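Since chain G is already given, all that's left is putting chain B on it; use the hints.
Protein chains: 2
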Amino acid sequence: MKLYDYKLAPNPQRVRMFMVEKGISIETIQVDLMKTEQFSDAFKKINPLCEVPTLQLDSGNCIAQVNAICRYLEELFPENPLYGRNPEERALVESQNHWVHINGGLAVGEAFRNSSHNFKNRAVSGPHDYAQIPELAERGLLRIDNLFADLDAHFANSQFMVGDYFSMADITAYTTINFASWAKKTVPKNHSHLQRWHDQVASRPSSKA
Amino acid sequence: MKLYDYKLAPNPQRVRMFMVEKGISIETIQVDLMKTEQFSDAFKKINPLCEVPTLQLDSGNCIAQVNAICRYLEELFPENPLYGRNPEERALVESQNHWVHINGGLAVGEAFRNSSHNFKNRAVSGPHDYAQIPELAERGLLRIDNLFADLDAHFANSQFMVGDYFSMADITAYTTINFASWAKKTVPKNHSHLQRWHDQVASRPSSKA
Chain G
1 MKLYDYKLAP NPQRVRMFMV EKGISIETIQ VDLMKTEQFS DAFKKINPLC EVPTLQLDSG
61 NCIAQVNAIC RYLEELFPEN PLYGRNPEER ALVESQNHWV HINGGLAVGE AFRNSSHNFK
121 NRAVSGPHDY AQIPELAERG LLRIDNLFAD LDAHFANSQF MVGDYFSMAD ITAYTTINFA
181 SWAKKTVPKN HSHLQRWHDQ VASRPSSKA
Chain B
210 MKLYDYKLAP NPQRVRMFMV EKGISIETIQ VDLMKTEQFS DAFKKINPLC EVPTLQLDSG
270 NCIAQVNAIC RYLEELFPEN PLYGRNPEER ALVESQNHWV HINGGLAVGE AFRNSSHNFK
330 NRAVSGPHDY AQIPELAERG LLRIDNLFAD LDAHFANSQF MVGDYFSMAD ITAYTTINFA
390 SWAKKTVPKN HSHLQRWHDQ VASRPSSKA
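Heads up: the protein sequence lines correspond to chains G and B, in order.
Oh and the first sequence: position 103 is 103 in the numbering used here, straight run, nothing missing.
Remember, the numbering used here sits 209 above the position in the second sequence when you count from 1.
Just so you know, these hints were derived from the structure itself, not from any lab.
These figures come from a predicted structure and were not determined experimentally.
Just to be clear, a hint being listed does not mean it is correct.
Said to hold, decoys possible - For lysine to aspartate or glutamate, the following DMTMM-like pairs were computed, each having C-alpha atoms within a straight-line distance of at most 20 Å:
#: 1; chain 1: B; residue 1: K211; chain 2: G; residue 2: E88
#: 2; chain 1: B; residue 1: K211; chain 2: B; residue 2: E298
#: 3; chain 1: B; residue 1: K254; chain 2: G; residue 2: E88
#: 4; chain 1: B; residue 1: K254; chain 2: G; residue 2: D150
#: 5; chain 1: G; residue 1: K44; chain 2: B; residue 2: E344
#: 6; chain 1: G; residue 1: K45; chain 2: B; residue 2: D361
#: 7; chain 1: B; residue 1: K254; chain 2: G; residue 2: E37
#: 8; chain 1: B; residue 1: K253; chain 2: G; residue 2: D150
#: 9; chain 1: B; residue 1: K417; chain 2: B; residue 2: D214
#: 10; chain 1: B; residue 1: K253; chain 2: G; residue 2: E27
#: 11; chain 1: B; residue 1: K211; chain 2: G; residue 2: E89
#: 12; chain 1: G; residue 1: K184; chain 2: G; residue 2: E138
#: 13; chain 1: G; residue 1: K22; chain 2: G; residue 2: D129
#: 14; chain 1: G; residue 1: K208; chain 2: G; residue 2: E88
#: 15; chain 1: G; residue 1: K120; chain 2: B; residue 2: E246
#: 16; chain 1: G; residue 1: K120; chain 2: B; residue 2: E347
#: 17; chain 1: G; residue 1: K2; chain 2: B; residue 2: E298
#: 18; chain 1: B; residue 1: K394; chain 2: B; residue 2: D338
#: 19; chain 1: G; residue 1: K45; chain 2: B; residue 2: D241
#: 20; chain 1: G; residue 1: K45; chain 2: B; residue 2: E297
#: 21; chain 1: G; residue 1: K120; chain 2: G; residue 2: E27
Next comes chain G alone, as it looks inside the complex (with noise of 0.2 Å):
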């Protein structure tokens, strides 16, 4: 297998994080976006989304998006699951890492991409070409106020998105509060129950991959 990635973007990050924390090492190509490469006709050919993370099996064939990359390697190598022990909490993870990517990720997407010079007409990832909304950008910005409060209340009464059981949602949340320093907003000093836990996740091997 061939995992297709970038270093500094954030969607990559969720898989590199989940390879470190199960133990997988994996042949890693980085497609830089900053040069575009993502457009490049060989890449269009693995990603005709024009996106990393992609996964290429040995079959040849590709899979993109984070969850569904995860999920197979939640499958391949089931020891030590991010994705939840049991029905329910399977369910709970995959309610929590769903939330948190809407709410947090995309917000903090129309954040970054409708106001940075590097993203004129870029303002959504993918193959299409979309102007930029200042407006967008704006919301975006108070989409994250709200997700910052919301999880501090989260984590005022559990340890993890999911109860004591750190997940694959906790992933996906902790990347997304360090990518919201793009749209340069950081966790606010009165949301300690949400710093109290992003030092907990920070304090993981895992974050530094």
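The following block gives chain B in isolation, referenced to the frame of chain G:
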């Protein structure tokens, strides 16, 4: 178990189609979104995100989000799997299902919620209010056009979202195409492959769910 549902909304319909395909029947309670019942104190205790569908388990615990609910039901009722029959197929279903939700369901939501009078200050679902952005409604319509074209190209070479296997990704895509009509967008006349697939899914009894 109890399923909190709203007959007219696109996300709960994904769960209802899934249940009909699987032959699952669960007690269902309507939460009237037009009467904003999702913001009642009673429902906030069930799902603080104020969203349907929500599945309440016999333990009292609640599961929010379509895929968390449907994956949980798939584990309880493994016959006639809709999330794939082997690891690679499961990865492809997850990938396609996620892609069409992000680039389809959310795009239609952008177009609809940022323009409809009924959604003033409610441009994003969930507990927080956000003002509408008319430009985002316009961009949502462009994204729907691209979605239709991308799906038409896909179905030129594939019976379903993942080869000849009907899956959750088809359910998500089908409800998304129907949801697009809320933003006054229907399958363009020249997209015969997409129309062929839509007719095929519409002929399944589950499409009436």
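Hints, one by one, checked against the model:
no.	hint	verdict
1	K211(B) - E88(G)	15 Å, holds
2	K211(B) - E298(B)	30 Å, violated
3	K254(B) - E88(G)	19 Å, holds
4	K254(B) - D150(G)	15 Å, holds
5	K44(G) - E344(B)	30 Å, violated
6	K45(G) - D361(B)	19 Å, holds
7	K254(B) - E37(G)	48 Å, violated
8	K253(B) - D150(G)	14 Å, holds
9	K417(B) - D214(B)	15 Å, holds
10	K253(B) - E27(G)	46 Å, violated
11	K211(B) - E89(G)	18 Å, holds
12	K184(G) - E138(G)	12 Å, holds
13	K22(G) - D129(G)	36 Å, violated
14	K208(G) - E88(G)	30 Å, violated
15	K120(G) - E246(B)	41 Å, violated
16	K120(G) - E347(B)	17 Å, holds
17	K2(G) - E298(B)	18 Å, holds
18	K394(B) - D338(B)	26 Å, violated
19	K45(G) - D241(B)	46 Å, violated
20	K45(G) - E297(B)	19 Å, holds
21	K120(G) - E27(G)	33 Å, violated
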